[in-house]
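Based on the provided sequences and hints, a complete structural model is requested.
Sequences listed follow chains A and B, in order. Counting with the working numbering, you get residues 1 to 356 for the letters of the first sequence. Counting with the working numbering, you get residues 357 to 1029 for the letters of the second sequence.
Honestly, the hints are just simulated from the structure, not real lab data. Even glycine gets a Cβ: it sits at the ideal position worked out from N, Cα and C. Careful, some of the hints might be misleading.
To be verified - Derived contacts from chain A toward chain B, CB cut-off under 8 Å, selection only:
1. Asn45
2. Gln68
3. Asn72
4. Lys75
5. Ser78
6. Tyr90
7. Asn157
8. Phe158
9. Tyr177
10. Ile245
11. Asn252
12. Tyr255
13. Asp276
14. Phe279
15. Leu316
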Amino acid sequence: MKNTLLVVLLLLYSSAFIYSQVKEEEMVVNGLGLPENQDAENIYNRGVSFYKQKMFEDAIRSFDKAIQLKPNFDKAISNRGSIRYEAQDYKGALADFDAALAINPNNESALFGRANTYISTNNAEKAIIDLNNYIKLNANNSLGYYYRGTAKFSINNFEEALKDFDKSIELKSDFDYAFNDRASTKMKMQNIQGAISDYSKAVLLNPYFVIAYNNLGSAKMKNGDIKGAIEAYDNALKIDSKYYIALNNRGNAKYESGDYEGALKDFLEVVKIKDDYYFAYCNISSVKFKMKDYNGSIDASSKAIKLNPNYGAAYLNRGTAKEMVRDQIGACDDWDKAFKLGMSQAKNYLSECVQK
Amino acid sequence: MKNFYSLLIFFVLISSLSFSQSKLFKENVKLGDEFFEQGPAFHRKALINFLRADSIDDTHPEIKLKIGICYLNSFFKYKAKDYFQKAYSMKPDIAPDIHYYLGQCEHLDLNWDKAKEEYEKYRATLSYTKKEDKTNIDDVEKKLAEIEVGKILVKKPVRVFIDNLGPNINGPYTDYSPVISADEDMMMFTSRRNNTTGGAVDENYDEFYEDIFRTYSFNNTWSTPINLGEPVNTNGHDATVNLSADGQKLLVYIDDKGFGNIYESRLDGEKWTKPENFSKQINSKYHESSACYSYDGNILYFVSDRENGFGGSDIYYCKKDEKGQWGQAINISTPINTKYDEESVFMMPDGKTMYFSSKGHETMGGFDIFKSVMDSTGKWCQPINIGYPVNSSDDDVSFVLSADGKHGYYAAVKKEGYGNRDIYIINFLGKEKNLIMSTEDNLMASLAAPISQTVTISEAVELKSNAITLLKGIVIDENTKQPIEAVVSITDNSTGQEIANFKSNSKTGKYLVTLPSGKNYGIAVKNDNYLFHSENFDIPLTTNYQEIAKDVTLKSIAVGSKIVLKNVFYDFDKATLRNESQTELNLLVKLLNDIPKMTIELSSHTDNKGSEKYNLDLSDKRSKAVVEYLVSKGIDKKRVQAKGYGFSEPLAPNDTEAGRQMNRRTEFKILSR
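In structure tokens, the structure reads:
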């Protein structure tokens, strides 16, 4: 691809040279036998080269130019869409993929790109339609099944998602992501042992797969194996000590085992890494409550609420802590807010709030 | 002498004082013993004397033992342990039941293991075969069972706040037996404060006689209690027992010269009527201490230690008949009553939930409060201990509950209290509230860590040719070196097709041409005034871009001039002309046609591979093949002489392939013009 870019540049250089020659003396003779105009293709190829070098701005300029020269150049439009997708400009990406597919409905890149754009914008149904078409064109690409699996997972169609992940793994037996996601699907289907097996396979295939280690921990938690869960979270954190999700989960495991000191240490570390992670503040409120530091619990819940005023769990926890410091009115206000934010258990607590 | 008298006086005084102290000690011990022997009811008075004696001389373990026992029978049980421990340390065999007392003290402090140890030591002093030990064995076995219950209850306490009702209600005296209206707006309780009716002191207890007091709740604050006054309160003991759900009837305990009976007072307007004795079905010659109406007032539950019960005091009930008369007292039986004492019965307004105190069932020590619910068939379910810390290892009695079940009231002795016994409110917090733990996972890995460049792109398109060569050069006169305008022809040797035809610049002689790479080309340069120039060249396929400079020197058309025909090709080792030679040879045909008088020698040359004869023969045949081609194109045979030179006239040494290639050639020389 570099060579292509070089040719294009040289062509451009030659063109400039020819131009100067014409002015001074005479015109270069074209003995190439090329079509009269492949400028769009040349620039497109240059864009592809830029893309592969991750020089996305240059690539997008090239594709823009190619499209300008050749408005029905579906590959250039699609590629520009892909870059926009990478830049999380999903609206722009979608417009490009739509345009490319309007020109060429079988443009595989555009189908695949649009499907992923739909997945990223929580439009799984449309993603599945595109991936169905993509798979018709490219039946042996494990990625097509993989992403269709994730789309089906996102709409809770776990049985169908499982089939796609199976197929993806069948086509690519060392596909660590597919093992992880199939495990997650099994988790949703309450097949905890199956999930543990798949997560374990994922980390076997990729010993640096922190996400899978974390998920393995959570599967073990669900299986009642707190010690095993903590080990798995430890493994995730050995690879990435800043992986706050695993750290938060390990704190939760310690909390469940009654190791409140250890849990608090983990949660405090989480907020050092990500100081807007309101989950951790909510957990700090729980663990401080258990340590009978009710005011500390209230402070932590308040912090979570400040970060996310619509986080019902934080109100619920704060209300419960307020009850313990005899602030019954404050507790009832918080439980009421929690209930309005969807925390159904708050309804039971509110029944205690009937004042004389 | 003076010192002698001083010393004498000192000893006399000391002796006198010592005698006096000794006398005082003995008097207090004697008086204390007299009260002590009368039983626990008099231990409070005994305690005063023993404490005085102990303050005079604290070397008597027996006194310390008795002080401990007196404390155990007082409100301040928690003060007993220190005295028992000192007595034991001073004299380990102070009493056969010292370990029992120590066990009780540890039991009260919830030191389960120590209590168990002491009780077991005590049990070891008893004989299972001795009849006189049976009661004590039963007692200590029950204590040991209570320890096991206590361990469980303390491990899982009920969620309550227990708060002293404060100095507005409680004082330095004894306050207990709270009863509340269903809406908790009004509370009555019993107090032995100094403004009781008659103002007399009960000699037995060294406290004022009991009176009933009333207080109201305003904005969750209790008003200053007011003595209910006459006719409810009298000079004797008048104590609260319970209040009807509608708050119109008050059950009052009246000592009745030691018999202890339940009376009823009614609210008439704003005044409570003089308490009236219940019928003999309820009040007997035995002791009735507690009672409670059913929610509709048609059943009275009460406690009596009458005969033929299950043991100790039991809970009974009487139903009111159609005429409003109380029927026969019926023992509520199992599973409520036990062989131990039951006390303080309280019915919830739902008519089916009973709270009561019992020393039986699964208590953690003394009386504990239990709850039982009547099922749909009218049977009471197995009572449940309402748990620690509402219940303690001491006696927990006189418990009442608000109609909504959220607030309980009872009296207890606590170290932080205001007096002997205080009234407390228990806020029931209900079941433990679940705290929310917030966790998440990255279930779909690609959402958390996108696969590198999730989307794909279309690859580069294939151009028809994407590798080019720029051929450039200058055409000049061989002799003058001046630029020449000449026609340049480029031929694709693979097809024989001319792909470019142009002129070099007239002033500079320069030319430029772009050519696809990967091919073999022939170039021919001609000017009518010069001999044409030709040659061929390869542009490798792997080359993406290259420039090839190819300057061309044209020779004048003069006799003796030689031109190598570089684009004339033969089959290998043969004299057969290949098609790609035609372009070049046609130029020669044209030259001969343009200069009709010109004659030439057409010669062929080889390299030195092979024998001379062979090469001479091959070159000869090849030169003739060319001549035949020219003739076929209409050139007079006489104008062209064929000549094979073999390798006799090399242009370059034959020791390299490049040299040999140069030597393999076809050329013509102008013989005349």
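Hint-by-hint comparison with the structure:
no., hint, verdict
1, Asn45, "holds (4 Å)"
2, Gln68, "violated (16 Å)"
3, Asn72, "violated (13 Å)"
4, Lys75, "holds (4 Å)"
5, Ser78, "holds (6 Å)"
6, Tyr90, "violated (11 Å)"
7, Asn157, "violated (13 Å)"
8, Phe158, "violated (11 Å)"
9, Tyr177, "holds (5 Å)"
10, Ile245, "holds (6 Å)"
11, Asn252, "holds (5 Å)"
12, Tyr255, "holds (6 Å)"
13, Asp276, "violated (14 Å)"
14, Phe279, "holds (4 Å)"
15, Leu316, "holds (6 Å)"
Checked against the numbered hints listed earlier, the structure breaks hints 2, 3, 6, 7, 8, 13; every other hint is satisfied.
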